[in-house]
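Novice: Residue-level listing of the chains:
Number of protein chains: 2
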Amino acid sequence: MEKILKVDLKNKEIKWQEDFNEFKYYWGRGYIAAVLNHEVNPTCEPLGPYNKLIFARGPLAGTPVPCSGRLSIGGKSPLTGGIKEANAGGTMGHGLGKLGIKAIIIENSFYDNGLYGLYISKDDIHLFEASDLRGLSTSQTVENLQKRFGEKISAAVIGPTGEMGLLAAGIAVTDIDGRPSRFAGRGGLGAVMGAKGLKAIVVDSANTSIPKPANRNEFILQNRKLVAMLKENPLTSKTYTEYGTAAALSVVNALGALPTRNFSLGQFEFAEKINGDALHDAILERGGSGETSHACMAGCTIKCSNVFADKDGKEVVAPLEFETLGLVGSNLLIGSLDEIAVINARLNELGLDTIETGAALGLLMERGIISFGNAEGVRQLLDEVEKGTVLGRVVGSGALVVGRVMGLSRIPVVKGQAMPAYDPRGIKGTGVTYATSPMGADHTAGHTLRAPVNHLEPKGQAKIAETNQINMAGIDSLGMCMMVVPALGGKFDALTGLIDAFYGWQLDSDFIARTGFQVLKLEKQFNEKAGITNIHDRLPEFVYNEPLEPHQSIFDVSDEDIKGIFNYQDE
Amino acid sequence: MEKILKVDLKNKEIKWQEDFNEFKYYWGRGYIAAVLNHEVNPTCEPLGPYNKLIFARGPLAGTPVPCSGRLSIGGKSPLTGGIKEANAGGTMGHGLGKLGIKAIIIENSFYDNGLYGLYISKDDIHLFEASDLRGLSTSQTVENLQKRFGEKISAAVIGPTGEMGLLAAGIAVTDIDGRPSRFAGRGGLGAVMGAKGLKAIVVDSANTSIPKPANRNEFILQNRKLVAMLKENPLTSKTYTEYGTAAALSVVNALGALPTRNFSLGQFEFAEKINGDALHDAILERGGSGETSHACMAGCTIKCSNVFADKDGKEVVAPLEFETLGLVGSNLLIGSLDEIAVINARLNELGLDTIETGAALGLLMERGIISFGNAEGVRQLLDEVEKGTVLGRVVGSGALVVGRVMGLSRIPVVKGQAMPAYDPRGIKGTGVTYATSPMGADHTAGHTLRAPVNHLEPKGQAKIAETNQINMAGIDSLGMCMMVVPALGGKFDALTGLIDAFYGWQLDSDFIARTGFQVLKLEKQFNEKAGITNIHDRLPEFVYNEPLEPHQSIFDVSDEDIKGIFNYQDE
Numbered sequence: 001m002e003k004i005l006k007v008d009l010k011n012k013e014i015k016w017q018e019d020f021n022e023f024k025y026y027w028g029r030g031y032i033a034a035v036l037n038h039e040v041n042p043t044c045e046p047l048g049p050y051n052k053l054i055f056a057r058g059p060l061a062g063t064p065v066p067c068s069g070r071l072s073i074g075g076k077s078p079l080t081g082g083i084k085e086a087n088a089g090g091t092m093g094h095g096l097g098k099l100g101i102k103a104i105i106i107e108n109s110f111y112d113n114g115l116y117g118l119y120i121s122k123d124d125i126h127l128f129e130a131s132d133l134r135g136l137s138t139s140q141t142v143e144n145l146q147k148r149f150g151e152k153i154s155a156a157v158i159g160p161t162g163e164m165g166l167l168a169a170g171i172a173v174t175d176i177d178g179r180p181s182r183f184a185g186r187g188g189l190g191a192v193m194g195a196k197g198l199k200a201i202v203v204d205s206a207n208t209s210i211p212k213p214a215n216r217n218e219f220i221l222q223n224r225k226l227v228a229m230l231k232e233n234p235l236t237s238k239t240y241t242e243y244g245t246a247a248a249l250s251v252v253n254a255l256g257a258l259p260t261r262n263f264s265l266g267q268f269e270f271a272e273k274i275n276g277d278a279l280h281d282a283i284l285e286r287g288g289s290g291e292t293s294h295a296c297m298a299g300c301t302i303k304c305s306n307v308f309a310d311k312d313g314k315e316v317v318a319p320l321e322f323e324t325l326g327l328v329g330s331n332l333l334i335g336s337l338d339e340i341a342v343i344n345a346r347l348n349e350l351g352l353d354t355i356e357t358g359a360a361l362g363l364l365m366e367r368g369i370i371s372f373g374n375a376e377g378v379r380q381l382l383d384e385v386e387k388g389t390v391l392g393r394v395v396g397s398g399a400l401v402v403g404r405v406m407g408l409s410r411i412p413v414v415k416g417q418a419m420p421a422y423d424p425r426g427i428k429g430t431g432v433t434y435a436t437s438p439m440g441a442d443h444t445a446g447h448t449l450r451a452p453v454n455h456l457e458p459k460g461q462a463k464i465a466e467t468n469q470i471n472m473a474g475i476d477s478l479g480m481c482m483m484v485v486p487a488l489g490g491k492f493d494a495l496t497g498l499i500d501a502f503y504g505w506q507l508d509s510d511f512i513a514r515t516g517f518q519v520l521k522l523e524k525q526f527n528e529k530a531g532i533t534n535i536h537d538r539l540p541e542f543v544y545n546e547p548l549e550p551h552q553s554i555f556d557v558s559d560e561d562i563k564g565i566f567n568y569q570d571e
Numbered sequence: 001m002e003k004i005l006k007v008d009l010k011n012k013e014i015k016w017q018e019d020f021n022e023f024k025y026y027w028g029r030g031y032i033a034a035v036l037n038h039e040v041n042p043t044c045e046p047l048g049p050y051n052k053l054i055f056a057r058g059p060l061a062g063t064p065v066p067c068s069g070r071l072s073i074g075g076k077s078p079l080t081g082g083i084k085e086a087n088a089g090g091t092m093g094h095g096l097g098k099l100g101i102k103a104i105i106i107e108n109s110f111y112d113n114g115l116y117g118l119y120i121s122k123d124d125i126h127l128f129e130a131s132d133l134r135g136l137s138t139s140q141t142v143e144n145l146q147k148r149f150g151e152k153i154s155a156a157v158i159g160p161t162g163e164m165g166l167l168a169a170g171i172a173v174t175d176i177d178g179r180p181s182r183f184a185g186r187g188g189l190g191a192v193m194g195a196k197g198l199k200a201i202v203v204d205s206a207n208t209s210i211p212k213p214a215n216r217n218e219f220i221l222q223n224r225k226l227v228a229m230l231k232e233n234p235l236t237s238k239t240y241t242e243y244g245t246a247a248a249l250s251v252v253n254a255l256g257a258l259p260t261r262n263f264s265l266g267q268f269e270f271a272e273k274i275n276g277d278a279l280h281d282a283i284l285e286r287g288g289s290g291e292t293s294h295a296c297m298a299g300c301t302i303k304c305s306n307v308f309a310d311k312d313g314k315e316v317v318a319p320l321e322f323e324t325l326g327l328v329g330s331n332l333l334i335g336s337l338d339e340i341a342v343i344n345a346r347l348n349e350l351g352l353d354t355i356e357t358g359a360a361l362g363l364l365m366e367r368g369i370i371s372f373g374n375a376e377g378v379r380q381l382l383d384e385v386e387k388g389t390v391l392g393r394v395v396g397s398g399a400l401v402v403g404r405v406m407g408l409s410r411i412p413v414v415k416g417q418a419m420p421a422y423d424p425r426g427i428k429g430t431g432v433t434y435a436t437s438p439m440g441a442d443h444t445a446g447h448t449l450r451a452p453v454n455h456l457e458p459k460g461q462a463k464i465a466e467t468n469q470i471n472m473a474g475i476d477s478l479g480m481c482m483m484v485v486p487a488l489g490g491k492f493d494a495l496t497g498l499i500d501a502f503y504g505w506q507l508d509s510d511f512i513a514r515t516g517f518q519v520l521k522l523e524k525q526f527n528e529k530a531g532i533t534n535i536h537d538r539l540p541e542f543v544y545n546e547p548l549e550p551h552q553s554i555f556d557v558s559d560e561d562i563k564g565i566f567n568y569q570d571e
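Chains as they are written, first to last, in our numbering: chain D, 1 to 571; chain R, 1 to 571.
Looking at chain D on its own, in the form it has when it is part of the complex (with noise of 0.2 Å):
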């Protein structure tokens, strides 16, 4: 039977739990959805004690599957109100799967002020005081960590910014390289991971093995067909791993839909200095430590990631990708590579998201108070971030805070939340997964830029995202990345075979989609009862308003076909 951690920061005290039978088939973002709705009252205070703060991984965390270490972390969020899961890869998922533990629940406060980590190891579980870790930057934290614990851990630490409580703040989780790089960033999760007092949490799995198949030969068999896949796939063996996510940077400046001067235009004119083949060719050009593919974590065969080095072939930052270069690019006017890497591991340091604090520097800049395209001026803002200052705590404290402060009218977040780099007046059906995600806007639950379809036609789109967010919350709640879903022909058997073999279970081929599809209504259970119904499920004002260049299209999807969506009553 699955393990569960129960860490109970008030009373410092560490428990087993056996996991729920009814939660069984529960992983990630799904396990998270249902410890939610079953322990935490939706009204709570995100940022108090009654929130709870869940890690979970996916069933075959800790096996050699490839992309299947995941690491889901969850909790009521203090940006949206409502539920939010963030996943990160790293190695920290795979870990927990070696101890064989499914997930751990951090619940109450420290209620001393004090700040604290979480050590653990096969033999060895406890709090361990951390107030020497105060103030230090995600790399500098891991490094104290490595050297008290050893090289070989994985972390999920939070940077200051975590610790301020920002809404911004995100939790970075260690990669294979022992970089605190990988990032469960949105919905303000470091900063619930901060109110607690919980500066890290250590997971050292050394001598611990692999976990055992219920039937290897099977497992072995399977996991040979889902590398195969994976391989003979020209997105998943050839774009991402030598572009990486920047590959779609060409592609969504194309379509016009590329977030550009704070989402008032669809297409970037230096967009050709900041896309993949751009990043490639710096990477390659410089040498030294740059690579343009890299792995996150043991296994994976697609390693979409990179690390990006500056020109004496130094590491600036790992990884460079699409999310950043669209928000703190082509968003703030940033036409360099350089500089948007100086500034994206600047966000790291700090704890930041790069997507919701891009999306806020672009309202800083719309107001003026530094002038668009000025990356000395970001670089500045971060300073007073990292000082602490109430300017730089505005920072980040994502774009609804900065919006209203700067009494802005056109703020681009869904739920309170930032939109990623996918312009909805671009690419609808990617708008109607912003508009009707239990997340808030959030280009992980379910973008639409790969179906074969008219991004300009708002018909059909609603169809589409449906589709895509109920898969999206399917593998997401097997701990899989989402990179893989393009080699899996539209079909779940590669996974589910994996799991069955695995696990001794059977599961029907629909157990992907079924899944995806109860946990996005736990979701939405939760998110009701916190307040936010089908009434949030709206974009900002403007992207049904202000018709976006190049297409001068406008959000013009129907209400009708966005309330459609996720019909539960027929069910």
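To be clear, the hints were calculated from the coordinates, so they are not data collected in a lab.
Treat each hint with caution, since some may be false.
[To be verified] Subject to a maximum C-alpha distance of 20 Å in a straight line, what follows is the list of computed SDA-like cross-link-like pairs (lysine to any residue): (1) D:LYS10 with R:ARG410; (2) R:LYS3 with R:GLU107; (3) D:LYS563 with R:GLY531; (4) R:LYS15 with R:SER121; (5) D:LYS529 with R:PHE511; (6) D:LYS563 with D:GLY531; (7) R:LYS387 with R:GLU376; (8) R:LYS387 with D:GLU366; (9) R:LYS529 with D:ASN534; (10) R:LYS529 with D:ARG538; (11) R:LYS529 with D:GLY564; (12) D:LYS529 with R:GLY531; (13) R:LYS24 with R:PHE511; (14) D:LYS231 with D:GLU366; (15) D:LYS387 with R:ARG410; (16) R:LYS10 with D:PRO547; (17) D:LYS387 with R:THR389.
This one's a predicted model, so the numbers in the text were calculated from it and none came from an experiment.
We have chain D already, so just place chain R on it with the hints.
Specialist: Chain R alone, transformed into the frame defined by chain D:
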């Protein structure tokens, strides 16, 4: 038939509109609720062009009936995201009555980033360029308008914070001496006005006469009756007259419900330095411009307002009221009338709500940005507001935004609006009103201070809060000042008698309570369509859990009691 003035700022069109027949009995707050439900999309962006700003008077405005000239101002609130009505004394309500204008509906926004004013007199109504008023304080603005349009105008203006679109910005209305001292302060309506590009509305009622009642003799008789009631009641003829609203401070402090040190204590060590007696004595002792009793509008016999002068007898602010003494005084540990008065005057000039900003300053003190009790620090923060720095913008953005920026979990707001100077743990009926009012936390929505009950006993409070809210919604929908209520002896015949005599109607005795109920229903309807439901009928988490000195009281009115009020289903 009553006339409605409709002003379309985008097209710079002004037109008269006949009142809809079904709105015939809706005035003031009720008229606002009717128009917002009828004309405004509840999901609109509050600072965008689709929101409307409505100025509406009561049925007796312009007549000599005492206290009948309150001006209701409303729209969708950027602070709460729901419906908002805030009403103010001063002379504009009566001015509109004399001009025969029931309401002004401001729609759309200027699209040229300009700043404008609206001038209304008997024979001339026009929009005027007001970019020379940009950045001017409320009193500078009024001085300028008086030079342009004469000393006798009434004006409703915003300060620089309204222009900046800050969430705590209110609208100031001129009093009988031409001071812009009467605030429709709450809900950020100043930001709505500013976002529309409107700096001022000027009403000149020269060359008009007092409106003629349908039944003159009966009207005179009924008016004498009301005047006699006001003169007979000790509250309306003595307590309010001599001590103003500040009379409440000792009572609330004695009950252990005075917000102190950011709502962490219920009694203030130096309460006797800032209570009604202290205020009264200081004004008398100093002489000069000070007045212990002052009428904000013509015909008022209560005269609860005052003029506070400094040690040299020079006017500092008028009036100094209980809510400001609580939020800017005890809540910030500032135990000096002189300090509070100076801050109050600055807030008025900036156009900021003293309640919202007092609560916001308490949170800045909680986080240590300045220390508790540091009045000089507050003045420096207000300098920042004046300069329009990011720090200043934060100070003017209301308690919720400040709380989030400061990373705090104890934020004293309900539906996004700061709690006034009655801690709901000490006066639980008022807590029910905070929780359930469609306006967010609002003492004018139906406080329960004067109910003859044990304010610490949770049972029975919901019923009192329900009755008081219904009555207040009725009173606010008649342009009547809430200060008359104690003199009415629990009945409203005196008011319906006056309306009947004036209009030749025959309203039944339930008219006011029925209207109040209907208005609340309309307001809740708007809110529900805006996504604010009874799930949001909750107080901040800390009042349920954190015992308040000196009674160790928590807010423990049951959810059932709270859900049971305004039971529209049973209607």
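Novice: Can you give the numbers of the hints that this structure goes against, from lowest to highest?
Specialist: 5, 14, 15
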